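Undergrad: The task is simple: from the sequences and hints, build the whole structure.
So the sequences go chain by chain: E and R.
Taking this note's numbering, I'd label the letters of the first sequence as residues 1 to 111.
Taking this note's numbering, I'd label the letters of the second sequence as residues 1 to 115.
Think of the hints as simulated: they come from the structure by calculation, not from any bench.
Just to be clear, a hint being listed does not mean it is correct.
Far from chain E by the CB rule (all over 12 Å, computed), these chain R residues [what the hints assert, rightly or not]:
| # | residue |
| --- | --- |
| 1 | Ile-12 |
| 2 | Gln-17 |
| 3 | Ala-20 |
| 4 | Gly-28 |
| 5 | Lys-44 |
| 6 | Lys-71 |
| 7 | Gly-72 |
| 8 | Asp-74 |
| 9 | Pro-81 |
| 10 | Leu-84 |
| 11 | Arg-111 |
| 12 | Val-114 |
| 13 | Thr-115 |
Derived Cβ-Cβ restraints for the label pairs, each shown as a range [unchecked claim]:
| # | chain 1 | residue 1 | chain 2 | residue 2 | range |
| --- | --- | --- | --- | --- | --- |
| 14 | R | Gly-99 | E | Gln-14 | 39 to 49 Å |
| 15 | R | Gln-17 | E | Gly-79 | 47 to 57 Å |
| 16 | E | Tyr-76 | R | Asp-74 | 30 to 40 Å |
| 17 | E | Leu-2 | R | Lys-71 | 26 to 36 Å |
| 18 | R | Gln-80 | E | Lys-42 | 25 to 35 Å |
| 19 | R | Arg-9 | E | Ser-108 | 18 to 28 Å |
| 20 | R | Glu-14 | E | Leu-52 | 46 to 56 Å |
| 21 | E | Thr-51 | R | Ala-30 | 15 to 25 Å |
| 22 | R | Ala-30 | E | Gly-60 | 28 to 38 Å |
| 23 | E | Leu-52 | R | Gln-17 | 42 to 52 Å |
| 24 | E | Glu-83 | R | Ser-7 | 24 to 34 Å |
| 25 | E | Glu-45 | R | Lys-71 | 19 to 29 Å |
| 26 | R | Arg-16 | E | Leu-52 | 45 to 55 Å |
| 27 | E | Ser-27 | R | Ile-12 | 38 to 48 Å |
The structure presented is a predicted model; accordingly, all values stated were derived computationally and were not measured.
Just so it is clear, CB atoms sit at the ideal spot from N, CA and C, and this is done for glycine as well.
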Amino acid sequence: ILNVEQSPQSLHVQEGDSTNFTCSFPSSNFYALHWYRWETAKSPEALFVMTLNGDEKKKGRISATLNTKEGYSYLYIKGSQPEDSATYLCAFGAGSYQLTFGKGTKLSVIP
Amino acid sequence: EAGVAQSPRYKIIEKRQSVAFWCNPISGHATLYWYQQILGQGPKLLIQFQNNGVVDDSQLPKDRFSAERLKGVDSTLKIQPAKLEDSAVYLCASSLAGGPAYEQYFGPGTRLTVT
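TA: Set out below in structure tokens:
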């Protein structure tokens, strides 16, 4: 069983604040790391799929970094907005087909 | 492009009853996944299809859960009989192909409550 840990479990930030979350995963047999955003009553939406050590990806105000040697990825949100309120899931892919998901970080942005 | 469709969105049943969920993936996606997400946990893969063949069903409780993918397109997931611990959100996802580097596209899920 692969262990994928996300921290913090939840956080509240003020509108305009920048924030970041962590995803920790096994450093061996790495294949891919996914980030998804899941808003209440909607479908989980892919943010990034990263496969190379040192990868940095950006989409608007959201960016992510990847360190496969030490087994972690950071997700950054710059200038949080209320519409960023969601649960952010990371998922680790090893050599097999299956993705192992973390429990998620629930972000609430207070206007 | 139409997304992944799932129905029903919500279902409430009593324990020992049966229930079925339906999923229509994105057109052209060869790989289809069913996940179970229990409150407070991350989604757990139940079964993965490649076209109409099963790739991984190692975490599917086969004594009560079954799934099929008709003609490599739509899929149904059935629970018979349901237990209280089956209360969860059941997510369907699809991707162009199998393999962990492919982005998965999710449906809105079915929230099942077993009383």
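Undergrad: Broken hints, numbered, in rising order?
TA: Violated hints (numbers, rising): 5 and 11; every other hint is consistent with the structure.
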